[in-house]
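Those protein sequences? They're chains A and B, same order as listed. Under the working numbering, think of the first position of the first sequence as 2, with each following residue one higher. Under the working numbering, think of the first position of the second sequence as 45, with each following residue one higher.
FYI, nobody ran anything at the bench for these hints, they're computed from the structure. All values reported here derive from a predicted model rather than from experimental measurement. Hints are supplied without guarantee of correctness; some may be wrong.
Computed, partial: chain A to chain B, Cβ under 8 Å [said to hold, decoys possible]:
#, residue
1, F192
2, Q218
3, Q227
4, V264
5, T381
We treat Cβ as the ideally placed atom computed from N, Cα and C, and that holds for glycine.
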Amino acid sequence: MNSYTNEQIADLVRPDRVHHAVYSDPALFALEMKRIFGRAWLALGHESQIATPGAFFTTHMAAEPVIVVRDLEGEIRVLVNRCTHRGPLVCHEARGETRQFVCPYHGWTFDPTGQLRFVPMESSYASSLCGREDLALAHVPRVASYRGFIFASLAAEGESLVDFLGPVASSYDDIVDRAPAGEVEVAGGMFRHAYNGNWKLVLENHIDTVHPAFVHQSSVHAAREQPDAESGDASTGGSRAGATSFADIQIRQMRQNGAPPAVWERLGIFAGPNGHGYMGDYHSDDRLVVAMANPVFAEYRAALSARVGAERATQILSTHRFNTIVYPNCSFMSQFRQYRIVQPIAVDRTIVNTFSFRLKGAPEAMFRDTVAFANIVNGTASEVLTDDLEVYERAQQGLSSGLVDWVYLGRGLGGDVPDSPGLRRGGMGTSELPMRNQFEAWSRYMTAEDATATNRATPRMAPSASTLNKPL
Amino acid sequence: MMMADRDTLTTLEQFLYHEAWLLDTDRFDEWLALYTEDCRYWVPLEHGQIDGENTCSVIHDDRQLLEIRVRQWRHPRAHARVPLPRTVRQVGNVMLLADAGDTLSVRSTLMVTEFRADRQRLFGARVEHQLCRTGQGLRIRQKRVDLVNAEGPHDGITIVF
Ligand code: FES
Ligand SMILES: [Fe+2]
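Put together the whole structure using the sequences plus the hints.
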């Protein structure tokens, strides 16, 4: 493992290339966890996952185990999942509902705000421990939501969530505005896909418009060869116009990956602040669900129009946004309601937790298409996703070689055009602008000086001489 | 559970072993031929999952998706199957749950050892087959495979069970 000066780190990222060490050096990974994951707003989930008082789920922010919980007053809190007595996780369930977290070791009991409420055999201490601020579960310093999506930051200071998101907040607007009732909820289960590769590979791939024709060639071929069931309608790329077969949307999506180069070159590829970006103008609803030819979609559109007016409904449904990257830990598809949270495990190991959303107020049957779509884009045995995962692993193996230094990211370099405030657009839809943009952010995070003690979870028990000497 | 006579049980066991052997030896056309036109091949994502339409599944294939899956495997650029996975399946604890004449419901357990690209993985599952008796012998209308680690993280899965 190397250690790096800031000058050396800055030198790893050049305008058209990055050094392979950014993917393969464990020392840089350890620094990334501090300087990127320790500073940025991290996507944690959605408020609907903890709809009721006492509802919680557990997750990680970088390597830090946290509990995201709605306290009994309804406030969302992000607690560090570590007993303040001698350290175990106080909660070992993925999700649930509780009025208290009881440590398995000696039974210290914390309420959903983190306060210590009960200590077995407390009389052996000189004075009561319950209610002591320094023995409450630590809080992650900053928690905020944007339109129901929960974020937290391990840094006590920094820009607001809205400023952090900048123009890509509009992708969150897209997902929520599509709901006739104005709200979405997590439903349909969570895929967890894992690969032996660096966390950055997935964020680059989700906005890489050149790869589908090559990585997904086999599933494009297999889906194209499949005879259309009953009255085929090739114009929509699908099997039966208006059909509601569970398979249809999957077959369409597989075929769509084989779109001709001109389609990819026309896409809007947008880069925003902090490494964020999105892919626009990709799928229309015609391509995936045959739009108005599908009675369920027609019913949905009517419900949306009834709620927001026909003109606004048209405006909402004409946003064709595919993947949005919220750097460093989130990639989501607003138009098709897929949310992916990236969890780095090691320099060469990553787990991606993926969720689907139900549009409240939309016909029930519409959610079936979301589930079927999730199976093909995020499913751990999907004919599409497994080839992506395979390529990440092969990339990692190649990038671990010390014999070749650079990764070349020059596609479309110099062709970017300024777009609406805060956004640049790739000169062509296959530009590697999103990767260059991610590395600009990487470089800025990684070369900024470490904040001092503020850059951590609120330390309830500061290790100062006075507290260390005081008997508990 | 119902008491099955020895002959019926032997037939069912041999059928399940045969299906496993076809998969272990990459005879995918013969394997597909065991499935009915209206079949469902299902690997739920959640423990105790009730349906495959409102909750995601590791695999939830009808006949056309199964055909696409097998066709994809054969493509020279099916990257995640180069090199090919090698598998061996162990079918056990075969029990007849119900016999309605035309259709049978059979429960079993399954262990699949997979080796690919220098890595070995082990999958364990409870399996339920809905079979029908046809002129050509037994055919599979539905197969449900409940992996013990369905809810865990998975590296890409490019086999069926
Ligand atoms: S370590 Fe948690 S109660 Fe003792
Ligand atoms: Fe892909």
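Here is what the structure says about each hint:
no. : hint : in the structure
1   : F192 : holds, 6 Å
2   : Q218 : holds, 5 Å
3   : Q227 : holds, 5 Å
4   : V264 : violated, 20 Å
5   : T381 : holds, 4 Å
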